[in-house]
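> Spelled out, the chains give:
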Amino acid sequence: MSLIYLDNAATSFPKPEDTYVFMDRFYRSHGVNPGRSGYDLCMEAGQLVDDTRKLLTAFFNGTDPNRLVFSYNSTDALNLALFGMIGRGDHVVTTALEHNAVLRPLHHLSVEGGVEVEHVPFDARGFVDPGEIARRFKANTRLVAVNHASNVIGTVQPIAEIGRLCRERDIRLVVDASQTAGKLPIDVQAMNIDVLAFTGHKSLMGPTGIGGMYVREGVEIRHTRAGGTGVRSAQRSHLDEYPWRLEYGTPNVVGIAGLHAGLKWILERGLASIEAHEMRLLRMLVEGLRAVAGVTLYCQDDLADHIAVMIFNIDGFEAGDTGTVLDVDHDIACRTGLHCAPRVHEQIGTDRIHGAVRLGIGPFNTDDHIAAAIRAVREIAASRARA
Amino acid sequence: MPTIELNGTTYAVDDDGFLEDPAIWNDRVAADLALTERIETLTDDQWKVVRYLRTYYLEFGIAPMIRKLCKETGFKLAQIYEMFPSGPAKGACKVAGLPKPTGCV
Numbered sequence: 005m006s007l008i009y010l011d012n013a014a015t016s017f018p019k020p021e022d023t024y025v026f027m028d029r030f031y032r033s034h035g036v037n038p039g040r041s042g043y044d045l046c047m048e049a050g051q052l053v054d055d056t057r058k059l060l061t062a063f064f065n066g067t068d069p070n071r072l073v074f075s076y077n078s079t080d081a082l083n084l085a086l087f088g089m090i091g092r093g094d095h096v097v098t099t100a101l102e103h104n105a106v107l108r109p110l111h112h113l114s115v116e117g118g119v120e121v122e123h124v125p126f127d128a129r130g131f132v133d134p135g136e137i138a139r140r141f142k143a144n145t146r147l148v149a150v151n152h153a154s155n156v157i158g159t160v161q162p163i164a165e166i167g168r169l170c171r172e173r174d175i176r177l178v179v180d181a182s183q184t185a186g187k188l189p190i191d192v193q194a195m196n197i198d199v200l201a202f203t204g205h206k207s208l209m210g211p212t213g214i215g216g217m218y219v220r221e222g223v224e225i226r227h228t229r230a231g232g233t234g235v236r237s238a239q240r241s242h243l244d245e246y247p248w249r250l251e252y253g254t255p256n257v258v259g260i261a262g263l264h265a266g267l268k269w270i271l272e273r274g275l276a277s278i279e280a281h282e283m284r285l286l287r288m289l290v291e292g293l294r295a296v297a298g299v300t301l302y303c304q305d306d307l308a309d310h311i312a313v314m315i316f317n318i319d320g321f322e323a324g325d326t327g328t329v330l331d332v333d334h335d336i337a338c339r340t341g342l343h344c345a346p347r348v349h350e351q352i353g354t355d356r357i358h359g360a361v362r363l364g365i366g367p368f369n370t371d372d373h374i375a376a377a378i379r380a381v382r383e384i385a386a387s388r389a390r391a
Numbered sequence: 480m481p482t483i484e485l486n487g488t489t490y491a492v493d494d495d496g497f498l499e500d501p502a503i504w505n506d507r508v509a510a511d512l513a514l515t516e517r518i519e520t521l522t523d524d525q526w527k528v529v530r531y532l533r534t535y536y537l538e539f540g541i542a543p544m545i546r547k548l549c550k551e552t553g554f555k556l557a558q559i560y561e562m563f564p565s566g567p568a569k570g571a572c573k574v575a576g577l578p579k580p581t582g583c584v
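In order, the protein sequences belong to chains A and B.
Residues in the first sequence are numbered consecutively from 5, following the working numbering.
Residues in the second sequence are numbered consecutively from 480, following the working numbering.
Worth flagging that the hints you see were computed from the coordinates, not collected in a lab.
Careful: at least some of the hints might be erroneous.
[As the list claims (entries may be wrong)] What follows is a list of derived Cβ distance ranges for each label pair:
1) A:L45 with B:D493: 55 to 65 Å
2) A:G91 with B:D493: 18 to 28 Å
3) B:D495 with A:Q51: 40 to 50 Å
4) A:E350 with B:D493: 26 to 36 Å
5) A:G274 with B:D495: 47 to 57 Å
Here a beta-carbon is modelled for each residue, glycine too, at the ideal position from N, C-alpha and C.
Looking at chain A on its own, in the form it has when it is part of the complex:
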């Protein structure tokens, strides 16, 4: 039996064949340090980096490709943004839906950096009320950090409305688009996003080790690192100009090549087509699991404004054990535990039972995969009922 991969919320797998082929071909032919020298191959490698900036900028409807900076992943980008935008005496509003990529930097800024952080809870359906965020605003509120879609319960937050409220008060909005970039349309202008952090290895169909952020013109992020940029080497201090301001050392050129290929693959198929496929499978999965006795779903009553990510538990069986049985007996890969988002589990109460089982659907999943997952959960639940 071959593995049924339903851990796409952790990373997409497999990648499109185009990603593998292009990375291999590009790294063999252009694996030099891009933009550091004047020979043709170096310039060509640099061109791919620039082309990918332009592609991603257009994809997010940004206005200046130089403000599309590459990083290792979302966490890296969010660290650069948060540590570079706020400081002692500032007030930050975030939500209980956040991943540790936001929670932990803000925790350290709170404990060690004199930043006041408030976490807005979500409602019973899994959505944050923009009005509740606005009610937390104070004179010293500098920034709001919000997950576009929860990596646990899959709910998509009303970013445009949150952005509008932030813009009215000249408060910066940082959006963690780890789960949505490549899954849902994102328009940084229409959604009033100041900083959009994304990772390449999930729905953008690139490899691990590459991500980035788009920083709106007029928004400044202090550089909290310094190093080589490949330009103006005589300058003692790190460059202020974007993208170098937030890029340090040799870029992950093979990762950027993979991201380039992954994004092109998405553009060829169309976001709407991919989303429709994944959401159809999610509805099939949720309907199937709802009918299984002893299974509890969380925030899945209404699948409007959702991405194809969901969690469940089987009564009397720890999530980790369910995941192990899914793997060993049924060859189904999933993610169990707290999913690096402990406050989500605290709010829905699953922290007390060591989390939940998460299934994340990707573009290569099929009806057969979902049917097999439903059968497997039904079998495990029946087995637990006998135990």
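The hints should help you fit chain B onto chain A, whose structure is shown.
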């Protein structure tokens, strides 16, 4: 050091209830430890799992991987959970007198 009393015998155990000294294990100890899994009498199937784990541990010094346990005993993992409610690591390995597994099962 924590201890646990089972059928009138006191055993030194770690914080998770695993035997401190795996060398004292024998069938009677297994039967006693099975009480911690609410098993009054070990069945043939349960003994099959316990003996496989014990034999593997004595040969390799660690617990086997779960897939190997299932393959070698012929049981699906769900069946092992039915036999040992705490599962292969926290339940079956404990009854087999192994130290608490850090990985594998």
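> Can you let me know if the beta-carbon spacing of G274 (chain A) and D495 (chain B) is within 47 to 57 Å?
With Cβ atoms ~52 Å apart, the hint holds.
> Do the Cβ positions of E350 (chain A) and D493 (chain B) conform to the proposed distance bound of 26 to 36 Å?
With a Cβ separation near 29 Å, E350 (chain A) and D493 (chain B) satisfy 26 to 36 Å, so the hint holds.
> 18 to 28 Å was suggested as the range; check whether the CB atoms of G91 (chain A) and D493 (chain B) agree with it.
At 46 Å between Cβs, range violated.
> Take a look at whether the Cβ-Cβ distance between L45 (chain A) and D493 (chain B) falls inside 55 to 65 Å.
holds (60 Å)
> Just to be sure I understand the hint, the distance between the Cβ atoms of D495 (chain B) and Q51 (chain A) should be within 40 to 50 Å; is that true here?
violated (58 Å)
Violated hints, in rising order: 2, 3; the structure is consistent with all others.
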